[in-house]
Every structure is written in structure tokens, then in C-alpha cells.
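Novice: Take a look at the letters that make up each chain.
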Amino acid sequence: MKLTRRDRTILFAPLVVLLGGWLVLPALLGLFATFTTYSPFTTAFRFSGFANYAGVIRDPQFGAAIRNIGVFTAVAVPLELAVGFGIAYVLRRPIKGRALWRVLLLAPWLVSPIAAGVMWHFLFGGATGILDFAFGWLGLPDVASPVGDVRLALPTAIAVEVWRVAPFVTFLLLPGLVSIPNERWEEATLAGASWFQQIRHVAIPELRTLLFTVAMLLIGLAFGTFDTILILTGGGPGTATLTPALFSYGRAFQTNDWPAGAASGWLIAAGVIAVGVVYLRLARERLDT
Amino acid sequence: MTRVILLLAALAAFLVPLVWTVLASFGLLPDNSTTPPSWKGSFTLGHFAEIGVAEPTFWQELATSTASAVCAAALTVGVAFLGAYGLARSTFRAGRTLTQGFLVLASLPAMAYIIPLSDVMRRVHLVDTFSGVVLAEAAVTAPLAVFVLHGALANLSPEWEEAALLDGAGLFRVLGRIVFPLVGPSVAATAIVLFVIDWNMLLVPLVLTSGEIKTIPVGMSDFFTFERELDWPTAAAALVVSLTPLGLLVAVFHRLLERFRLDLQNGRDIG
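Chains as they are written, first to last, in our numbering: chain A, 1 to 289; chain B, 1001 to 1271.
Don't read these hints as lab results, they were simulated from the structure. It is possible that part of the hints are untrue.
Lysine to any residue pairs mimicking SDA-like chemistry, simulated, CA-CA at most 20 Å apart [claimed, not checked]:
| no. | chain 1 | residue 1 | chain 2 | residue 2 |
| --- | --- | --- | --- | --- |
| 1 | A | K2 | B | A1164 |
| 2 | A | K96 | B | I1005 |
| 3 | B | K1040 | A | K96 |
| 4 | B | K1040 | B | T1066 |
Footprint (simulated), chain B over chain A, 3 or more residues, beta carbon under 8 Å [unchecked claim]:
| no. | segment |
| --- | --- |
| 5 | 47-56 |
| 6 | 183-191 |
Just some of the chain B residues that point at chain A, by a computed CB distance under 7 Å [claimed, not checked]:
| no. | residue |
| --- | --- |
| 7 | T1021 |
| 8 | L1029 |
| 9 | L1082 |
| 10 | L1171 |
Idealized CB from N, CA, C, for every residue including glycine.
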């Protein structure tokens, strides 16, 4: 149908104002400011080229943060996808009480990252924690909280994030799985396909675009990891769980090194945009065929 | 049978930590000093009363969280609905890439632009205001809402709208009488998901306020940042209180939530 120019203005103006004023414009102003010595705490500023970025990239703390988030993303995102997909696949066919299963299995996603940090902080703790309780029953000695251990802190943070996010993946994938036409499954069954072959040759091809979409969201979420870590480990011990977002926040709001905070924030954006460009390519190929 | 066992295993992994927290909030705690560990404490509602003692502003925070999440979700859905409809009924060539671009924007972590945003908000005196938090939360979640609602709207055949236009109906009449009733469930599902995201959001209210306006996640993070004493049962009670509204919302509207879909961009019918 034909939209008039007036219709278009009415439809797009609120979105342009909201996204422009509160997202795009601040982001671009911020980008400009990262090439200067600008800081809201000082009045004079001058052009400084790439000095802020060079400073951030040379900062060993930021280097550690990049390594951590690389491991975090590479492990957490595939796990979230696999666990989330697995549960959705089991729930695909009608099962007694499916609605109840669905609601109960979504519960961890309703816990805010901050609340999850508080909760697991205590559950990993000694006196009333779940870990020592389980170890005690197994006849094993008490363990120190894994979030205080340099080697275990990052895997633990990943586990907590997978616990929280995998249910959301199930929630996003299930409607797509359910709407795959029955004939596709029947053909596969007649051809004698095992459950693994059914996933490989029916579910994944049918859900390709949706899986890309969910993966894009999860990668963005992982790159920006902040709230979960803030309470659970605060980035420690040392820099074992420091993330670029924690680094950025700390520089801008705690040590008042505004240019470093803003520049590292833009480096996070650059990472997500790079993944986004790949996603847009894949989505276009998929739509053209 | 295998499926039930698999589901029970997933349920245990997902829910045991939450059940542990609920038990603690009612005063039922494990005793790890005995061998094997045992349980101690008796059922009490006292820890819920202690929340207000440990964090005097907690109930105020609960009200702020609710009000800001409701306003932000409503604003986002309204603005995104109009924009998504415009996109779905426009014929420019870059439309599809633009829609997928909204998904990339939805994936962009708030940390990427919150630092300059906080500076801009301070300059326009929107720091520490309710509307400042609502507008920023609305902007953060708008791209996801546009993407989801565009999917629902693109699947709608435009015939009805065209017929109404020929009868002389204006844009708002078409939207209100024809389009909205058809995609109402998708709009409602989107609003509920956005409410959950807004309710749980930390970074936006943390950076755009300095104590005047406080949501529950900000209150919780304050507690631990300043390392005040907080009993586990009291913390558990606060967690349970902050989780209950979301749990009820999802339990009541679970059928509706099936309409929150990310995979309708290719024109597959709503199942």
C-alpha cells in the first residue's frame, strides 16, 4: 500500500527522535570526543588523534580484558546455543505439561544479572552455600569459593552466564522449531534418520536464519558483559575476570579517566559492529536465495 | 521417557539454585558444618521484614523499578510499532538490510555509548530524573522491538489496509481498527519481554542517576560495591521479592509470549 509523505513522517519521527537523541547522536558525539582530550571535568580540550586509543590498547589491563572476553564469548555463546537448542528440541513435540515446562525452564532468565551475581556469590560461599553442601554429601572436603580462584573465576562466571542465558535461547528458538512443517520430520523419519541426523538435516537448515539472529544477540551480550561480573567477582581476582565493559566503566566513572573510558567503549562497539557486518552479509545471502 | 529425564535434568540445573534461594528467604538454611550436611532454621517470614531495615529505600526502589519499566516498555512498544509499520510498508530497496541493521543495533552493548550519553544527559539536565531513565531505557531496547514487530507486521497481508484506505480511512484509523487488532498479541508479547529487560537493566539507571532515583538492580549493586553487611537470608528475601513480579507476569501470559519471534523476517506465516 502507498504511504504518503505525511504518513511516513508520523510513523518514523518518534523512532528517529528516540534513537537519534538517546543513542546515535550521543554515540557519534562520543566518537568525535575520543579523538580529543575532551572530558566533562575539564573545560579546555584539544585534538589528539589516536592517542586515546593507543593508550587504551597499550594498557595491560585492557589487554587482559580483551583476552578474557575472547574466552568468555568463545565458550559461553556456543554453550548457550547448544543448551538452549537442546532443551527446545526436546520440547518441540507435544509433551504432557509443555506449558508448565516452558515457564519453569525460562525462570533463570528472569533473574537480573545483578541478582544472579548476588545469588551465586552466596551459593558459592562456604557456610550456607550449595557447593559445600553437595561436596559434604559426597564425602569430599570443603572447597573455597571458585570465584576467588584465579584459574576458576572465569569458567565460573561463564557457567553462571550460561545458566542465566540458555533458558532465553530456548524461549527464542522453540517457536521456530515448532513451526517447521511436519512433513519435513516425517520425510526424515521415513529415510531412517537418527535424532542427530534430524537435527543436522532438518532442524539446523530450517532454523539457519533464526540461529544467526540469536547468535548475533548473544555475541553482543557477551561482548558487553558487565552486570554479571560486577557482583560475582568485580573483575578479579587480579584481572582474571576483567571485561572491556568493566574496564570502560571503571576508567570513566571511578578513576575519572574519561577519554580512556570513552575510547574503550568505542572499541567494544567496533567489535560488535565488525560481527554485525558479517551478520548482515549472511542475512542478505540467505534472503536472496 | 528419555525426554522427561532430560527435561528433569535441565529443570534441576536451572531451578535448584532458585529453590535454594527461596528456602533461605524463609529461614531454611543448610548447615555445612555437620557431616553429612544437614538443614537448620525454622520457617519464618521475618527476613522479608528485614529487607527494609538493611536497605531502607528497598520498597521505594521496587516502586521506581515497576514504574520506570512500565513506562519504558510502553514508550518503546508505541514508538517501535509505528516505525516498524512504516518499514514494513515501505518499498525502498535497502529496507531489508535496514531491518537487519536494527538487530545489530539491538546487539550493541549499552556500554558502547552510555559514557557520552551520560554527558549529554547531564548537559540537558535529565540526569537523576525519572523521565531521563525512562527515555534512555526506551532507546536502548527500541531496536529489538522494531526488529520483532517488523517481523509480525511484514507477515500481514496489506489487502485489508488498502481496502480501508480506498474507503477514505486515515492512517490512524487503519492502524487502530485493522493493523493493531491483528498484531495485538505480538505487540503485547514484545511489551512483556521489554518489561523484563527494563526491570533488570543496571547500566542505564546506574550511570544516569546518583541516588535520587534508584531501581532495584542499582540498589543491589550499591550494597555490594560499598561492602556493607548483608545477611544471606535477607539478600535472598530481596531476590525473591524482585523476582516475583516477573515470575507472575510470565506465568500468566506464557501463551502470549509464544508470539515474541525473531524469525518472521522471511515471510513465514505465524504458526
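Novice: Compare the structure with each hint and give your call.
Specialist: Now the hints, each set against the structure:
For the given pair, A/K2 sits about 12 Å from B/A1164 by alpha-carbon distance, which is consistent with the 20 Å threshold. Our distance criterion of 20 Å between C-alpha atoms is met by A/K96 and B/I1005, whose separation comes to about 13 Å. Using a Cα cut-off of 20 Å, the hinted pair B/K1040 and A/K96 is violated, with the two alpha carbons roughly 36 Å apart. Pair hint B/K1040 plus B/T1066 does not hold up; C-alpha atoms about 35 Å apart against a cutoff of 20 Å.
For a cut-off of 8 Å, the count of residues in the segment 47-56 of chain A with a CB near a CB of chain B stands at 0, and the three-residue condition is violated. For the segment 183-191 of chain A, the stated coverage by chain B is violated: 0 residues have a C-beta nearer than 8 Å to a C-beta of that chain, whereas at least 3 were required. The restraint placing B/T1021 at the interface with chain A holds, with a minimum CB-CB distance near 6 Å, inside the 7 Å limit. At its closest, the beta carbon of B/L1029 sits 5 Å from a beta carbon of chain A; the interface hint therefore holds under the 7 Å criterion.
Interface restraint check: B/L1082 against chain A, minimum CB-CB distance 5 Å, threshold 7 Å, status holds. For B/L1171, the suggested interface contact is upheld, since its CB lies about 5 Å from the closest CB of chain A, less than 7 Å.
This entry does not satisfy hints 3, 4, 5 and 6, going by the numbered hints stated previously.
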